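Undergrad: Sequence:
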Amino acid sequence: MSTLHVLSHSPFSDQRLPSCLRLLGHDDAILLTGDAVYALTPGSEPWASLSGVGVAVFALAEDARARALPGNPAVELLDYPGFVELTLAYDKVNSWL
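When you line the sequence shown up against this note's numbering, it's residues 1 to 97, in that order.
No lab work stands behind these hints, which were simulated from the structure alone.
Everything numeric in this text was worked out from a predicted model, so none of it was measured.
Cβ atoms here follow ideal geometry from the backbone N, Cα and C, with glycine treated the same way.
Keep in mind that a hint or two might mislead.
Label-pair distances were calculated between CB atoms; the ranges are [what the hints assert, rightly or not]:
(1) Gly43 <-> Asp91: 30 to 38 Å
(2) Pro70 <-> Met1: 27 to 35 Å
(3) Gly52 <-> Trp96: 17 to 25 Å
(4) Ser13 <-> Gly43: 13 to 21 Å
(5) Thr87 <-> Val53: 17 to 25 Å
(6) Ser49 <-> Leu97: 18 to 26 Å
(7) Ser19 <-> Ala74: 19 to 27 Å
(8) Val53 <-> Ser95: 13 to 21 Å
Use the sequences and the hints to build the structure in full.
TA: Given below as structure tokens:
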């Protein structure tokens, strides 16, 4: 069963991202929203942990732009309609509140 994991908290202030990474299945994906997009900071530890995760990684484009984060070809940026479509592509959606 595939799961979309939605993260919204900064990876620099808590352990949600590392906890999520430990639970990922091979059919899962990660969607970064809000302050979780700081995981896309080039050269950071969170970015390194996402780089070799082996699942699709998405981020809300609006949140990445608002934080002046550069794009990365390994991460697909989505608008809100794309976010909704993505949730329909997975069996479950797990929001890491």
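Undergrad: Now tell me, hint by hint, if it's right for this structure.
TA: These are the hints, each one checked on the structure:
1. Gly43 <-> Asp91: 30 to 38 Å: 34 Å, holds
2. Pro70 <-> Met1: 27 to 35 Å: 34 Å, holds
3. Gly52 <-> Trp96: 17 to 25 Å: 20 Å, holds
4. Ser13 <-> Gly43: 13 to 21 Å: Given about 18 Å between the Cβ atoms, the range holds.
5. Thr87 <-> Val53: 17 to 25 Å: 20 Å, holds
6. Ser49 <-> Leu97: 18 to 26 Å: 20 Å, holds
7. Ser19 <-> Ala74: 19 to 27 Å: 21 Å, holds
8. Val53 <-> Ser95: 13 to 21 Å: At 18 Å between Cβs, range holds.
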